[in-house]
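The opening residue of the sequence shown carries number 43 in our numbering; numbering runs sequentially from there.
Keep in mind that the hints are not guaranteed to be accurate.
Just the calculated beta-carbon pair ranges, DEER-fashion [unchecked claim]:
| hint | residue 1 | residue 2 | range |
| --- | --- | --- | --- |
| 1 | Ala537 | Gly114 | 20 to 30 Å |
| 2 | Gly232 | Glu84 | 40 to 50 Å |
| 3 | Val383 | Ala520 | 20 to 30 Å |
| 4 | Glu424 | Ala537 | 42 to 52 Å |
| 5 | Pro76 | Gly232 | 43 to 53 Å |
| 6 | Pro519 | Val383 | 39 to 49 Å |
| 7 | Ala520 | Glu354 | 45 to 55 Å |
Hint data in this document are derived by calculation from the structure and do not stem from the laboratory. Cβ coordinates follow ideal geometry from the N, Cα and C atoms, glycine included.
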Amino acid sequence: MAGGAPEAAARPPALLLVTSPSGDHAEALLRPLPFHIGRLGENHLALRDNRISRRHARIVAEGEGYVIEDLGSSHGLYVNGRRVERHRLRHGDQIGFGFEDTYRLTFLLGGAGVQGLLEQTEPGSGLARLRAMLEVARALQASLSTDEVLAAVVEAALAITGCPRGFLLLEEGGELAVRVARDRSGPLPGAEPRLSRAQLRQALAGRSALLTISRQAVAGGIALPLVRIRTGAAQQTTALSPGEDTVGMLYMESDQPVELPAGSGELLATLALEASTVLENARLLEEGWARQRMEEELKIARRIQENLLPGELPACEWLRAAGASLPSREVGGDYYDLRPVSPDCWALAMADVSGKGVGAALLAALLQGMLVAAPYARLPVEEVMGRLNRFLLERTRGEQYATIFYGLLESSGRLRWVNAGHPPALLMGRGGVRRLPAGALPLGLLEEACYSVQEVRLEPGDRLVLYTDGLTDARSPAGEFFSLARLERAAAARAEAPAAELHRALLEAVEQFTQASEQADDITLLVVEYGEGG
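Taking the hints into account, I'd like the entire structure generated from these sequences.
Here you go:
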């Protein structure tokens, strides 16, 4: 390890100058190493050409230099026109992929690229100021003002071209809008290019990185497209081709024909890429803020939903219970409840709203409000279900539905229930495990659906297991379902266990079966134990 440090220190920095089929230029610093090149976005340099292999080549460190290796590509790797499997790179080597009309890479050592030209500018020049601002902006992950950096890009472009006026225009709602306008002395508020928008769009449609425009309205002009960029796995910027990926343009205009000094075209192309990078960073930053706001709102919604679930389940003389709901997302569409109607009667409910996420959670909350109020209205169970069915139909027009198990358990052991399309409840007693299957359609499907009440009498020691299909549909890594049969076997194995212990054992059985893999659906489980003293 100690022997490798001097070698790394002696190795000069390097970069690839990337030339796209349309003539765009971009830079890719060779870090980290190995540096991977290919079609997939996970490569350090991702190139949009289906003929290039997904993982085409890589550049590795060797001694004090760099070596490029073919990774078994379909069409081969070429250096200076010769196909190679492995090649030690030298400054100026041309790297190709077996086709004339695809990307070309130029290997450059040290500061020999465009960055090197920037570093040679005088300390007080516009380019030096631009370089400093870009370095700070990158270090702060684009937390500086986007407009300030874009204005510096235009200022530097004016210095390079010698043009008196410069504009940076962006696509907004299908129109090109001026984002920055300035001359050599400063900003030009409200200024517009002399060329019409149609003429500017014609420049963009030319799919060329550098265009010189001559029109009757203006003696000379230089237009460079700003293209949509993406960032690879190692945060290296990759420019996409103009055309449908164009997001705006950098436009310099002059009253005289424009003649660019040698090497200026490369600098201007880099400025356009830097402007595109700044815009992409601003977009990603805004998306990050929006995502953060959404995550905060979902966390609040999750806390509210958790508070809607019963905080404490009964542990009285004749009734004990344990329950939990595990959403597959931040919020879910499952709901369960167990609440007293009178000292001798408890209402129990479990619902599963179709779909996932916020929409299902909101609908589940609405159903919960109606189910909480139902027992106090002294309505028959079948009337409660009929009203819930009409409520869902009015709100969702049949586009969403809910399966519900709803019942009233009395201290005498009498259970009157309706199962509206919900998975069969399990009644565990001295005779084994018995299913209480659905006897009606889910709520929210048909207005004429009927919900007849069924009745059973529990004996002391009986247990009722309610669950949603997320539990039985939980999958193993091999794709096998946990299934109702496995649930019955797991329940039968702990038939004598108290409610809390049985509840914990069933959830552990599911977790062991799935090996803690990601849930595809919400999982909700409620175990109710009817005891002596009823």
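Cross-check of the supplied hints:
no., hint, in the structure
1, Ala537 / Gly114: 20 to 30 Å, "violated (59 Å)"
2, Gly232 / Glu84: 40 to 50 Å, "holds (45 Å)"
3, Val383 / Ala520: 20 to 30 Å, "violated (45 Å)"
4, Glu424 / Ala537: 42 to 52 Å, "violated (32 Å)"
5, Pro76 / Gly232: 43 to 53 Å, "holds (51 Å)"
6, Pro519 / Val383: 39 to 49 Å, "holds (44 Å)"
7, Ala520 / Glu354: 45 to 55 Å, "violated (39 Å)"
Consistency with the previously given hints fails for numbers 1, 3, 4, 7, ordered from lowest to highest.
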